[in-house]
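Visitor: The residues making up each chain are set out below.
Number of protein chains: 2
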Amino acid sequence: MPDDLIRRLLHGERVPLARAISAVENEAPDAVAILNACYEKSGRAFRLGVTGPPGAGKSTLVARLAQEYRRRGETVAVVAVDPTSPFTGGALLGDRVRMSDLAGDPGVFIRSMATRGSQGGLAVHTAQACDVLDAAGFSRVLIETVGVGQSELEVAQTADSTCVVLVPESGDGVQAMKAGLMEIGDLFVINKSDREGAERAAFAVRSALELRPPSPDGWTPPVLLTVAPEGKGVSEVVERFEAHFEQLKSHGSLAGRRRRSVEQRMRDLLRAQLWDVFMERVPVRVWEDSVQTLVEHRLSPHEAAERLRRLVGAP
Amino acid sequence: MPDDLIRRLLHGERVPLARAISAVENEAPDAVAILNACYEKSGRAFRLGVTGPPGAGKSTLVARLAQEYRRRGETVAVVAVDPTSPFTGGALLGDRVRMSDLAGDPGVFIRSMATRGSQGGLAVHTAQACDVLDAAGFSRVLIETVGVGQSELEVAQTADSTCVVLVPESGDGVQAMKAGLMEIGDLFVINKSDREGAERAAFAVRSALELRPPSPDGWTPPVLLTVAPEGKGVSEVVERFEAHFEQLKSHGSLAGRRRRSVEQRMRDLLRAQLWDVFMERVPVRVWEDSVQTLVEHRLSPHEAAERLRRLVGAP
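Listed in order, the protein sequences are those of chains B and D.
Using the UniProt record's numbering, count along the first sequence one by one with no gaps and you end on 315.
Using the UniProt record's numbering, count along the second sequence one by one with no gaps and you end on 315.
To be clear, the hints were calculated from the coordinates, so they are not data collected in a lab.
Among the clues, some could well be false.
[Stated by the list, open to error] To give an idea of the chain D side of the interface with chain B (calculated C-beta under 10 Å), a few residues:
| no. | residue |
| --- | --- |
| 1 | A18 |
| 2 | R19 |
| 3 | N36 |
| 4 | P54 |
| 5 | M266 |
| 6 | V295 |
| 7 | S300 |
| 8 | A305 |
Beta carbons are placed, not taken as given, at the ideal position from N, Cα and C, and that holds for glycine.
Make the full structure from the sequences, and use the hints.
Guide: If you want it as structure tokens, here you go:
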């Protein structure tokens, strides 16, 4: 069953592809076999992160970028890990982006990832889903993630290149910049730039970028203006993404980025495995007793943790 | 040295208190002894979380809440774990909140927590800092955190009661509500309510709250309007916080919340310890070799992780 599924997804069939990603997301028994097979075949796709604060219009921009890439003959997978994204079903008031232009295109695959789960699980699952899509032959994988909070920044760091999307209002408080976004962007976009203050916001971003140490590969992050619903500026974003990809390859820094990313993945995986093995050895009653000593302040968390490790003979 | 420091901080001395929290934050050798002593004495303070999207005015509200609590005779500690907070030095363009009214008051202690660190480290360190402040005798501990992203929500969950701060504009996209904030709020505040749309935003929040399952302790989250710089509505926020605290105590749900919180802390601590013990057994060269097999796609992350665990004899 996994062998057949793997063979078919590697040929780009959509139903096995969707099933494989679900298996990965649910940590199903087949997932490891699927991932091992896909990892071997992956590494060809360009992985692009699109991140920014809620309300910046990331989903619409991602949809437009996908269309533009299709126009240029690329095949495109979209992975939405943004809890505020309409792709993930997060839209509460029906502001669902019209994706009808993309939905019927066999060269496009859209997938949302659940944002609940174990610590680090989201970044792990996203990277794994990207491996599967990469192995299935998509040449560009777009990862949409909301860019506030540690776990989301981790997701962004699984991408080869990251675009930070802001709005004209972001320039005022430069709030987004404080949240670590300035450090991770390879491209910056002021979306909704038909609103007042777009040029001022771009100026604020450029000024803030001057405080960043120069990139070792000589890349200067461009600051672009877009109006995503009209497609304005979208082609330039694609051009700059591609220029960055070329520069990463020619300067050898793509290898370094991917090395760090995959090292982090192994670390996350090992952490999760060590925990699972430990918990299998702790009887429920022993765990509950330990919690009770904490509740009664008889033992501190450090003391209770040490006692537990001793009880089950963990190192 | 830690004995003397512990004795002095338990008497509420400020310099030992600041040193103790730094030791906790840096995981210094003394930290465990300090934490064990403080945990035993903690559990008396009411821990209040203040969370919300960047730009909602959380820091100013926290400063005003601290003042209001002082007026009511409480002693107040503020723990800022919001990377966008002026308390944490995150302000880029000098929009630092004036804290001069608080700074000279011996009944107030303000502390920022670094947001960098290991996975889960932020929530662990924040809870530990709260224990220290609690043991030092502060009756109210205010935790300011930016409410987007998994790790920040974890921080909020270490509080007894959580106030979600929004702005009138939040009502439009109800963006904040999609990010999980609607689920964790015990109080909701529409700050900057002198701006247009405050009532509409409050209505949107109330509507969204109706979708939430009723609280087992019969608490209905109030939605309040504030203008923090002028102190408008701040007194009512304090009243509602206190009413929630009373309700939590009288319905016994405070014990349940604290139980879940401390259980999560032991879990985080154990995870971190298991990882540290594992990594001590992995020679650097062996780790580097494993990363290299990943980079060359000779082994998948799962295969490389399993090989590593076998090599060092980990379960």
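Visitor: Decide, hint by hint, whether the structure agrees.
Guide: Quick rundown of the hints versus the structure:
no. : hint : in the structure
1   : A18  : violated, 21 Å
2   : R19  : violated, 19 Å
3   : N36  : holds, 4 Å
4   : P54  : holds, 4 Å
5   : M266 : holds, 5 Å
6   : V295 : holds, 5 Å
7   : S300 : holds, 4 Å
8   : A305 : holds, 5 Å
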